[in-house]
Amino acid sequence: MNVATGAAALRQVRVRSSSLPLLPVIELAMLAALVATPFALASRPELITLMTNILILSLLALSFDLCWGFSGIMSYGQALFFGVAGYVVALVGRDLDFSQMWATLPLAMLVGALLAAALAAFLLLGRKTPTSIFVAFGTLTGAYAAERLVAGWQYVGAGNGLSSIKLMAFGNYEFVEGFEFYSVALGALVVVYLLSRAVVRSQLGLVLAGMRQNEERLAFFGYRVQVFKALIFTFSGAVAGLSGALYSYHQGFTGPTNLGPGLSTTAVIYCLFGGSGTLIGPVIGTIAIELLSYVLADTDAIRQFWPVILGVVLLVVVMFQPTGLLGLVVSPRERIGSFGARRRVG
Amino acid sequence: MALLEVAGLTKVYGLLRALDGVDLKVDAGSFHGLIGPNGSGKSTLLKSIAGAHYATAGTIRFDGQDITTAPPYRRSRAGLSFKFQITAVLNDLSVYDNVLLALQSMESNWALLRNRSRLRLDGEVMHALERFRLADRADDLAGELSHGEQQWLEIAMALAPRPKLLLLDEPTGGMSPEERRVTGELLAPIKNECALIIVEHDLDFIKNICDRLTVLDQGRVLGDGTVAEIEHDARVQEIYTSRV
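Sequences listed follow chains B and R, in order.
Using numbering that gives the first Met the number 0, the first residue of the first sequence is number 0, and each one after it goes up by one.
Using numbering that gives the first Met the number 0, the first residue of the second sequence is number 0, and each one after it goes up by one.
The following block holds chain B by itself, in its conformation from the complex:
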């Protein structure tokens, strides 16, 4: 047996002895649960509406995770792309009397992507390598400035926002709250999830994984690290834009807070709570926080102070479980995974 064959045999032994990956199991279980949800809640339409909102917000959380969890970009501006796209579809409905989803949803993604690309050009592609703090403050300032701008702009409803947004349509069919809108939201989440999965598990994903650990080292391999960051940031802007458009259609309303630091920070919390650096983590985080909020707010004994309880729970998890809920069951090795032709983990 030569050295190469021996090494290959040894690798095979290691493969067999390694524990089975958990992430695909969790992903499939989550998908099955989300597909079953509207059927299980058929008699509780208000819960289907709640779950639709959660799916849409999961997209926003996912967009943040692509930035922070996978690319090391601390973005406090995801709501900027979310909110502006939401306003754009609302204005297209009001001023052009048009809400065909085959055009408005791609338009929302384009708006989110262009905004993110413009911000990336300023924050990431300068002559000097930006610090994380610079990017965090830059995105935060962008979201804050946009919120203030919109709050004082009469054309977009100023502080009152835009209400009675034209219903999202496909041909003559209009989507109202309920099973149909839930299906659209779930479909959008699944498509974005699979697309994101393809990106982060590709050879480009290996570059992102390397970037998270040592940006300087990658530059000496010949990688233009900031360009990779700008690409992912732009992609995340498109995802946030899609989320914002669906949210506006679903709520029938959009307002200045939908593009401010408050919602941006909420997306950060969703992601950290569930587990950043995995795609399913932000989805789990959004579901957990929103369902917990719903249950706490609906419990008579704690109706007055449930936000305090929620705040304490979030603080405890973020401080003492930095890998989020998912980190309790998924190993760091599996979270990062392997990328070569002989992939065995993740």
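Hints are supplied without guarantee of correctness; some may be wrong.
Far from chain R, by Cβ distances over 10 Å, these chain B residues were calculated [claimed, not checked]:
1) Leu19
2) Ala31
3) Pro44
4) Leu49
5) Leu139
6) Arg147
7) Lys165
8) Leu166
9) Phe178
10) Arg196
11) Gln250
12) Thr265
13) Asp297
14) Phe304
15) Val307
16) Leu309
One side only, chain R facing chain B, incomplete, derived with CB under 10 Å [unchecked claim]:
17) Pro70
18) Phe81
19) Phe83
20) Asn90
21) Leu120
22) Met156
Hints are computed from structural coordinates only; laboratory data are not their basis.
Note that the Cβ used here is the ideal one computed from N, Cα and C, for glycine as well.
Since chain B is already given, all that's left is putting chain R on it; use the hints.
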């Protein structure tokens, strides 16, 4: 024409002149050692060539191009490869993925997204790992390797993109005598592939593998020549006997 031509290179940090008008020429295929006492400017010179920091004055020409102000990624794409003094392997990635990351760096973003080279590079990754005695550790995390193995992995990564000039900053730092001997054996065959500039404190190691030596002292070139010439240079003997 030399592969690398450094002319009048000066690097100033506040009041300190870390490099003061350094000239250096390295021919294709030659192994060139940089020696000198601590603080003489060896690592600063290597980092200036690699692009880790920019020179205050002077020029660096590599393979006919002026790279004095080029960022690290551009120097790397021109054919320069740099191994850090402190090991900088990516601890949370597998040994295999560390080398794949180095190998795929010349692919376009679109090709990376489409996994165009994943299968094609598999053989090259394994060849690089076998060459540096790491094939049986391919699936382990880089952070699980011993210090010596991490140094070998770094060299394997630096060599993977087939550079024209490899810059090694103290490749045997922290190694046992046996690991140093093996490192020398591993480096010798790369003479057929690329030129080498090596900074190393172990004079016996560097004399065994280098064709030429440049001696730095207080940011200036004290001597430059073949190993035999430098060994008999009275000024070099003086700094090594009086200060090292």
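Exercise for the section: Find the nearest Cβ of chain R to the Cβ of Phe304(B) and say whether that gap is larger than 10 Å. Expected result: holds (41 Å)
Exercise for the section: Mind verifying the non-interface call on Phe178(B)? Its CB should be farther than 10 Å from each CB in chain R. Expected result: Phe178(B) is indeed farther than 10 Å from all Cβ atoms of chain R, at 35 Å.
Exercise for the section: Classify the label on Leu19(B) as holds or violated, using whether its beta-carbon is more than 10 Å from each beta-carbon of chain R. Expected result: Holds: least Cβ distance 15 Å, greater than 10 Å.
Practice task
Against chain B, run the beta carbon of Phe81(R) and see if the smallest gap drops under 10 Å.
Solution key: Phe81(R) check passes; min Cβ-Cβ to chain B is 5 Å, inside 10 Å.
Problem - Hint check, Asn90(R) versus chain B [nearest Cβ-Cβ separation less than 10 Å] - result: holds (7 Å)
Exercise for the section: Under 10 Å, Cβ to Cβ, is where Leu120(R) needs to be relative to chain B, so tell me if that hint holds or is violated. Expected result: holds (8 Å)
Exercise for the section: Quick one: work out the minimum CB distance from Thr265(B) to chain R and report holds if it exceeds 10 Å, violated otherwise. Expected result: holds (29 Å)
Practice task
So, Pro70(R) near chain B? Judge it on the closest CB pair being under 10 Å.
Solution key: Hint on Pro70(R): holds, closest Cβ of chain B at ~7 Å, below 10 Å.
Handout entry: Separation of Asp297(B) from chain R, once the least beta-carbon distance is taken, above 10 Å
Key = Per Cβ check, Asp297(B) is outside 10 Å of chain R; nearest 42 Å; holds.
Handout entry: chain R versus Leu309(B) - minimum CB to CB distance exceeding 10 Å, so not interface
Key = Non-interface label stands for Leu309(B): nearest chain R Cβ at 32 Å, farther than 10 Å.
Problem - 10 Å cut-off, C-beta based - Ala31(B) kept clear of every residue in chain R - result: With a cut-off of 10 Å, Ala31(B) remains clear of chain R, as the shortest Cβ separation is near 28 Å.
Problem - 10 Å cut-off, C-beta based - Arg196(B) kept clear of every residue in chain R - result: holds (13 Å)
Violated hints for the displayed structure: none, as all numbered hints are satisfied.
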